[in-house]
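> Here is how the chains run, residue by residue.
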Amino acid sequence: MSTLNVGIVIADIISSTIVFAVPLLLVAMGGMFSERSGIINIALEGIMIIGALMGCLMMRWLDPAVTSGQLGSQLGMLIASLFAGVCGMAFSVLLAFASINLKADQTIGGTALNMLAPALAIVLTWVVQGQGQTTILIPTWSRITQATLGFAAKENFLHTLLFKNMYLTTFMTVILFAAAVILMYKTKFGLRLRSCGEHPQAAASVGINVFKMRYAGVLISGFLGGIGGLAFTLAAGSGFQSSVAGYGFLALAVMIFGNWKPWSILGASLFFALFKVIGAYATTLQNLGPFFNVLFGWPAKIGIKEGQSTYFWPMLPYIVTMILLVLTSKKSRAPKAEGRA
Amino acid sequence: MKKGLISVLSSVISILVGLLFGLLLLIIVNPAQAFPKFGEMLTAGVSSAPKFAKVLYQAAPLIMTGLSVAFAFKTGLFNIGASGQYTVGAFCALACGIIFQMPWWVCLLASVVAGAVWGFFPGLFKSLFNVNEVITSIMFNWIGMMAVNLLCMNLLKGGLNIMLPTAWVSSPIKDRTAALSYANPNAMIPKMGLDKLFNSNFMNISIFIAIIVAVIMWVILNRTTFGYELKACGFNKNASIYAGINAKRNIVLSMVIAGALAGLGGGIYYLAGTAEYTIQKVLLSMGFNGISVALLATSNPIGTIFSALFISYIQVGGESLQPVFAKEMIDIIIAVIIYLSAFALLTKTILSKYIRLDKSNVNAEPAPVVAAPKPAEPAKSAESEGEQA
Chain A
1 MSTLNVGIVI ADIISSTIVF AVPLLLVAMG GMFSERSGII NIALEGIMII
51 GALMGCLMMR WLDPAVTSGQ LGSQLGMLIA SLFAGVCGMA FSVLLAFASI
101 NLKADQTIGG TALNMLAPAL AIVLTWVVQG QGQTTILIPT WSRITQATLG
151 FAAKENFLHT LLFKNMYLTT FMTVILFAAA VILMYKTKFG LRLRSCGEHP
201 QAAASVGINV FKMRYAGVLI SGFLGGIGGL AFTLAAGSGF QSSVAGYGFL
251 ALAVMIFGNW KPWSILGASL FFALFKVIGA YATTLQNLGP FFNVLFGWPA
301 KIGIKEGQST YFWPMLPYIV TMILLVLTSK KSRAPKAEGR A
Chain B
1 MKKGLISVLS SVISILVGLL FGLLLLIIVN PAQAFPKFGE MLTAGVSSAP
51 KFAKVLYQAA PLIMTGLSVA FAFKTGLFNI GASGQYTVGA FCALACGIIF
101 QMPWWVCLLA SVVAGAVWGF FPGLFKSLFN VNEVITSIMF NWIGMMAVNL
151 LCMNLLKGGL NIMLPTAWVS SPIKDRTAAL SYANPNAMIP KMGLDKLFNS
201 NFMNISIFIA IIVAVIMWVI LNRTTFGYEL KACGFNKNAS IYAGINAKRN
251 IVLSMVIAGA LAGLGGGIYY LAGTAEYTIQ KVLLSMGFNG ISVALLATSN
301 PIGTIFSALF ISYIQVGGES LQPVFAKEMI DIIIAVIIYL SAFALLTKTI
351 LSKYIRLDKS NVNAEPAPVV AAPKPAEPAK SAESEGEQA
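Residue numbers (the working numbering), protein chains in the order written: chain A, 1 to 341; chain B, 1 to 389.
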C-alpha cells in the first residue's frame, strides 16, 4: 500500500502503546500500594471513573479561561489531573472507612463502589450538562501538539512518535512512577507499609500504626487511580461516557501479572498495552507487507469474513495475558495479609 | 430462627437506608419532582399487571446470575465472571435454537453446558495454577463477549449470516440476532397462558424455572455431603483438606456449577423471545447485578429469589423516574444498599444486642474480627439457613 508508511505506523503504534500503558501503570501502581498495605482494592474501576469524571468536569469548567488565553493549556491540564487525583482519593476514603474502620468485607465494599461510581457519574453528568447529555467532551487543548510548543507540524517518524498522542499525564506518570518506587523501597514509610501487608500483628508489635498505614495505602491508590482514570479518558479520545471500559479490572490483572512489584508492573502494563494496540491495528498492519499479512491475515483463512477481524483481534490481549498468568503463576506471590482485617 | 431473623432485618435496614439516600439525592437534583417521582418509582412494579410481569421477567435471569455468584461465594470463590458465562450461555441457547432449530428445553441445556464450560476455566486455573479466579473471570468475561460477537457475525449457512435477521427476513439490521418469533418459535420458552393472564408478552414460565433451580441449589448446599464439602472449603480450605476433602476438585466443580447457573440465566432471558442479543461493546450488566443479588441475599439460595425480585422491582420502578431523572439513580440506591450490607456484621452485632439471642449461641459466635477475604457469610451456619427457609 503506497499510502501507508511503515515508519509512521510504527511510530504510531509506539505512541499509542505508551498512551494506553499510562493509565494501566498508574492504576496498577495504585492497586499495589493498597494491596501491599493489606487492603484488596477491587474498587479501582470505580475510582478511575470518579477521577475521570471530575477531571473532565474540571477541564470543562476551565475551558473558557483556557480558550480565552487567561490560563495556559497545560497548566489547566495539571489542575484537572490533580483534581482527578484528589477526587479519586476522596472516593477511596469510602473503601478505607468500610474495610479499615468497620472491618467490613473488602470485596463487597469494593464491588459496591464499582457500582456506585458509574451511576453517580451519569447522574452528575446529567445534572451538569442537562437531561440525556451523557458524554462530556474533552477540549482539544488537552493534547500537547506541535502548536503548544510552537513548531510547525510535520508528517514524519519523530513527530508522530512525539505528538500523535502526547498528554501531560504521560510526563506526570514518569514522575509519579519514580516517586512511587522511591517511596515504596527507599523510605521508612514504604518499609512500614509493606510490613502491614505481610504481617500486621508483627508491625503493630513494633509500634507501627497499622490503621494509619493502611489508610495511607488506600488513599495513595485512590490518588493514582483518579489520575489514571483521567489518563484513560484522554487516551480513549471520544469523551467521557461514565465508563472506563474495564480498565480498572485490567489494571488489577496487570498488578497481579506484575507480581505486586513496580518494575514488573511497568513491564506488564507496556506489554498489555502493546497487544491491545496491535489488536486494534491488525487490519492496518496486514496492508503493510507480506510479513505482516502472514502474521495478521490468518483469521480470514479460518473463515472469518473480511472486515470481521475487528471482532477477533481485540481478544488478543486478554488471551495472551491469560496464558502468561498461567505460565508465571508459580512465581506469583501476593502480600500475605491482604484482605485480612 | 433468631439468627435468620437478624440477617433478614439487617438486609431490610440496608434497603431502607439505601432508599432514603436515593430520595435525598432526588431532592438535591430536583426538589419539585422528587417526592412524586420517588412514589411512582416505589409503586411502579405493582401498578399494573404488565409491569408486574416485567418484574418477574427480569427477576428470572437475575435469580440465576445471583445464584451463580452466591454458589461460588459459598466455596469461598468470587465469581465476577457471571457476565461472561451469561453471555456465552445466551449465545449457545440462541445458536441452538436458530441454527439447529431445537426446541426450547434443548436450547436451555445448551446454555447450561456453555456457561459451565466458561466457569470451568477459572476454576481449573485456580485449582491447578493458583491463578486468582477474579482475574481469570474478568479476562473470560471479555473473551466470551468478543467471541460471541465474532460468532454472531461469522456463522454462515448457505452463504448467509444465519444468526442475523438478514438470513430470515428482509431486514437491514446487522447488529443483533434474529428474533425467535420468526427464526424458530419452538425455541421460545412456553408461556402456558401466563401472557394472557398478565396481559404481557414478557411473561413466561422462566420465573418458575429459576425458583425451582434456587430450591435445588439450597438442597445441594444444605442437605448433601457434596454441599457440605463445598462449604467446608469456603470456610477453611486447609482444614477441609486435612479432613480429607478434595479441595481442588471442589473448586473446579463449584465454578462449573456457578457457570452453569449463569449460563442458564442467559438462556432464559433470551429464549423469552422478547429481546435479541445485540452486538456488545461493554459487558452485559446482568452478571454484575447478580453480584448485588447474591450479596443482598447473604449468599442464601432462597434469599436470592427475594433479593432478585426486589432488585428487579426497583429497576422497573427506575424506568418511571425518566426522563426527569436518570434511571441510574436506581444503581446508586442498589450500590448504597450493597455498601451498607458490607457492614452486615456490624449491623448484626448491634441488632443482636436488642434482639436477645440464645445465650449458648452468643458464646458460639466467632469473634467478628477474623473476617477472611471470603465474601461468603462467615457467621452463618447451615442450620440457621434451614430454619430461615
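One or more of the hints may lead you astray.
[As the list claims (entries may be wrong)] Within a straight-line C-alpha distance of at most 25 Å, the following computed DMTMM-like cross-link-like pairs (lysine to aspartate or glutamate) qualify:
{"#": "1", "chain 1": "A", "residue 1": "Lys301", "chain 2": "B", "residue 2": "Asp175"}
{"#": "2", "chain 1": "B", "residue 1": "Lys281", "chain 2": "B", "residue 2": "Asp175"}
{"#": "3", "chain 1": "B", "residue 1": "Lys157", "chain 2": "B", "residue 2": "Asp195"}
{"#": "4", "chain 1": "A", "residue 1": "Lys212", "chain 2": "A", "residue 2": "Glu198"}
{"#": "5", "chain 1": "B", "residue 1": "Lys157", "chain 2": "B", "residue 2": "Asp175"}
{"#": "6", "chain 1": "B", "residue 1": "Lys248", "chain 2": "B", "residue 2": "Glu319"}
{"#": "7", "chain 1": "B", "residue 1": "Lys248", "chain 2": "A", "residue 2": "Glu338"}
{"#": "8", "chain 1": "B", "residue 1": "Lys51", "chain 2": "B", "residue 2": "Glu276"}
{"#": "9", "chain 1": "B", "residue 1": "Lys191", "chain 2": "B", "residue 2": "Glu276"}
{"#": "10", "chain 1": "A", "residue 1": "Lys331", "chain 2": "A", "residue 2": "Glu155"}
{"#": "11", "chain 1": "B", "residue 1": "Lys237", "chain 2": "A", "residue 2": "Asp12"}
{"#": "12", "chain 1": "B", "residue 1": "Lys237", "chain 2": "A", "residue 2": "Glu338"}
Because the hints were derived from the structure by calculation, they are not lab data.
> It remains to establish, for every hint, whether it holds in the given structure.
Each hint, compared with the structure:
1. For the hint pairing Lys301 (chain A) with Asp175 (chain B), the CA-to-CA distance comes to about 24 Å; that is within 25 Å, so the pair holds.
2. This hinted pair checks out: Lys281 (chain B) and Asp175 (chain B) have alpha carbons roughly 11 Å apart, not beyond 25 Å.
3. At roughly 34 Å between alpha-carbon atoms, Lys157 (chain B) and Asp195 (chain B) are farther apart than 25 Å, so this suggested pair is violated.
4. Note on Lys212 (chain A) and Glu198 (chain A): the hinted pairing holds, with a Cα-Cα distance of about 15 Å set against a maximum of 25 Å.
5. Annotation: proposed proximity of Lys157 (chain B) to Asp175 (chain B) holds, straight-line Cα distance about 18 Å (limit 25 Å).
6. Of the pairs offered as hints, the one joining Lys248 (chain B) and Glu319 (chain B) is violated, with about 44 Å between alpha carbons and a cut-off of 25 Å exceeded.
7. For the hint pairing Lys248 (chain B) with Glu338 (chain A), the CA-to-CA distance comes to about 22 Å; that is within 25 Å, so the pair holds.
8. For a cut-off of 25 Å, the pair hint linking Lys51 (chain B) to Glu276 (chain B) stands: about 20 Å separates their Cα positions.
9. Taking the CA atoms of Lys191 (chain B) and Glu276 (chain B), the gap is about 18 Å. The hint holds against a cut of 25 Å.
10. Of the supplied pair hints, the one linking Lys331 (chain A) and Glu155 (chain A) is violated, its CA atoms being roughly 45 Å apart against a limit of 25 Å.
11. A threshold of 25 Å between alpha carbons decides the hint, and for Lys237 (chain B) with Asp12 (chain A) the separation of about 49 Å lies outside it, so the pair is violated.
12. Distance check on the hinted pair: Lys237 (chain B) and Glu338 (chain A) sit about 17 Å apart at the alpha-carbon level, within 25 Å; holds.
Violated hints for the displayed structure, listed by number in ascending order: 3, 6, 10, 11.
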